[in-house]
Amino acid sequence: MIKQQVSDDQTTAPVKLWKVSVSPHIKSSESVEKIMWTVVACLMPPLILSVFVFGIQTLFITAVSVVSCVVVEAVSQKALGRRVTIKDGSAVLTGLLLAFVIPPGVSPLLPILAAIFAIYIGKHLLGGIGYNFFNPALLGRAFLLASFPVAMTSAWLSPVEGFGIFSYLGTSIDAISTATPLAVMKEQGLAAFTEAFGSGAGLYTSFFLGWRPGCIGETSGLLLLLGGGYLLYRKYITYHIPVSILGTIAVLTWVFGGETYFRGDPLLALVTGGAILGAFFMATDYVTSPTTKISQIVYGICIGALTVLIRLKGGYPEGICYAILLMNPLSTVLDSWFKPKRFAPPQGGAE
Amino acid sequence: MPVCRRGTPIESQDTESMLTFPKGGAHPPEFKEQTAGLSIEVMPVPDELELILGQHIGAPCTPTVARKEEINEGALVGEVKRGLGVPLHSPVTGKIKAIGTSAHPMRVTAPSLTIGVDHEADPVQYPEQDWQSFDGSELLQKVNDAGIIGVGGAGFPTHVKLNPPAGSPVDILLLNGAECEPYITSDHRQMLEHAAEIVGGAGIILKILGINECYIGIESNKQDAIKVMTAAAEQASTGDCSIKIETLQVKYPQGSEKQLIQAITGRKVPAMALPSAVGVVVQNVSTAKAIYDGVVYGKPLYEKVVTIAGKGINKPANLLLKVGTRIKDIVDYLGGLEPGLSKIIMGGPMMGFAVSSLDIPITKTTSAILFLTEDEIDTSPHSQCIRCGWCLEACPMGLEPKEIGIYVEANRAEDTEPFGVFDCFECGSCAYVCPAKRPLVQFVRLAKMKAKRP
Ligand code: SF4
Ligand code: SF4
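Residue numbers (this note's numbering), protein chains in the order written: chain A, 136 to 486; chain B, -13 to 440.
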């Protein structure tokens, strides 16, 4: 957009170059890079905690995932003749989120495959950032779940003892894998669940703080909430999507989630199954979520309802991933239904 | 401390008691401290002026003088015979050197008069007249004769605005002292130094319109001006006319006509309509001052207070300039350019025009010339839209700039009318907040060229 113009007499005065471009001539200090790297920073505390919970293996899987996403992004952009934009942090974020939603005990090959699928096919073949209508990290996870169902549902690690963060290194996955809380509850009933994970206040606390099996992104609801809270404070996200998702999950679980109506446990539903990660970090992804406030609320409610439906009726305890993926392509549709309110219509009402 | 959405924090704004428009907007850093404390300084007249013949919206003036003709300060040099327009007067006593073309900020060149200045001539005296003795239509004629146009921006002939169509009765006059663009302080200084004249101008407009209610909107970052103007307004408010000062929140684009009307009166001007459709006439405070001068002294509009600011100029200032003064004469007077100058803007950084030549003269509508260095302007390349929706939130008109941009990039500019391109007044709030730095105003302009008007 910026064209350079040479002014004045070139022979006498030194050549002066002044920029000429269309207004506005100043822009806010926010940028795509700043947003992406801030989100990445917000995900650091849960990542660090996960090292203490599951051992150093999580860091390894995360590193593999991030590096492969960045490499795939660079290669795809080169191959498609686009500007390479790995510095904007969006591939790093995708890699991080991908690592957060796969079991930490899986083979490193899996995140690499997921990165290729999510970034090359799911993002760049569809037109690059801004045109991908599925959240790449979730797309990667769904791809893995479909291709490697066993590894993806069994390679969970149970928390390490004390601070023995290196204790899993070298052990084979089968020996250490364990079932996730929601899977236990679904398949073995509430009794087995309480037996395995405790009950009452202690139960919520351990889930909230992160001491239980799961993927990295499920470890600590508290740290994820803090990260989400910071994004809210920075106004990078607004409350509309997370609140409507979590609210819907809580209400619907309370109504339908128990043995009889109105006996479900809304709190447990919120601190398990990646609900907080999904609501604050996945569903709020700019590219794949709606832009107007009303459509964001509708979007959130639909995701919440689908999550509960999938959790209760479907085969996947961590239903929020599919719920978000199902709603992703509908965000542009929602946007076209709920347009922003125009200042004032023309006189006479006619368009 | 209330933190403004994606702008700098607004310090100690007691937002409860201040008026503002409800939707959209941004808060760019104000950068007014460079010149806000500098009194208006009269710049000595240069040797030559370049008077552009089309200063206003409408048909350009036809010269009424010939080459080599001697003219006096304030003499008529151009007029519009047919159509919308106002007469043009010579800012100085001197001689017409040429009738040709000059460089122009928006068009590449424009027809103009070159006037050689006679520095020996005595300044013209304008005797004060009692304006109360004139009736409305006489006052309106004087406003027209003085060549007054909206000096705040667009340059719409003022006498036309003050003569609203018979079908829309007007009951409120608004004076715009918001000055919401960063850097600019010329209206601020006018209000501080010429409060009585501005309020007097308001009284004249009220009489022309035959109404008695006037509000003057000033952004809260000009507390000193609010104080001075309140005192002047109280003095001028008599039994049959009330002039009140309204404090406005610091928010861009507070000074846009539709937003100002909504903030102060709560009325919404319909799309494609003029303010008179909701019974309001809006004038800039500096236009009110020009009206006062034009009516009370019979002095035509040929001088302008212009803020010169930015890190690229040696000595920032608020200058009283003759219309037609070239940028290069101003630069010489203010000690030259600073190294690192990257962009010269006529007007504010949000809506002004970048110019490429120092030969361009100022016009009646120039309110600032900014000399900005590399670190003051945005030079980042733009990337694809990430659909963050910030532009939707920033748009005071409730449009979808992102869609307009995407359509234009996909060569479908002609399909953008449903997104409201013609409601866009190019305030730039959307482009200011866009994290992908997309040139959204540029897209809108392209869309406006191709899309069909409804
Ligand atoms: S679309 Fe037009 S009116 Fe809306 S914010 Fe952008 S420039 Fe301003
Ligand atoms: S602000 Fe920029 S990146 Fe965000 S939706 Fe608007 S155009 Fe797209």
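Please note that the accuracy of each hint is not assured.
What the hints assert, rightly or not - EDC-like, lysine to aspartate or glutamate: derived pairs with alpha carbons at most 16 Å apart:
hint, chain 1, residue 1, chain 2, residue 2
1, A, K476, B, D409
2, B, K423, A, E394
3, B, K81, B, D33
4, B, K9, B, E324
5, B, K314, B, E324
6, A, K474, B, E403
7, B, K193, B, E179
Read the hints as simulated data drawn from the structure, not as lab findings.
*Any hints this thing doesn't respect? Which numbers, in order?*
2, 4, 7
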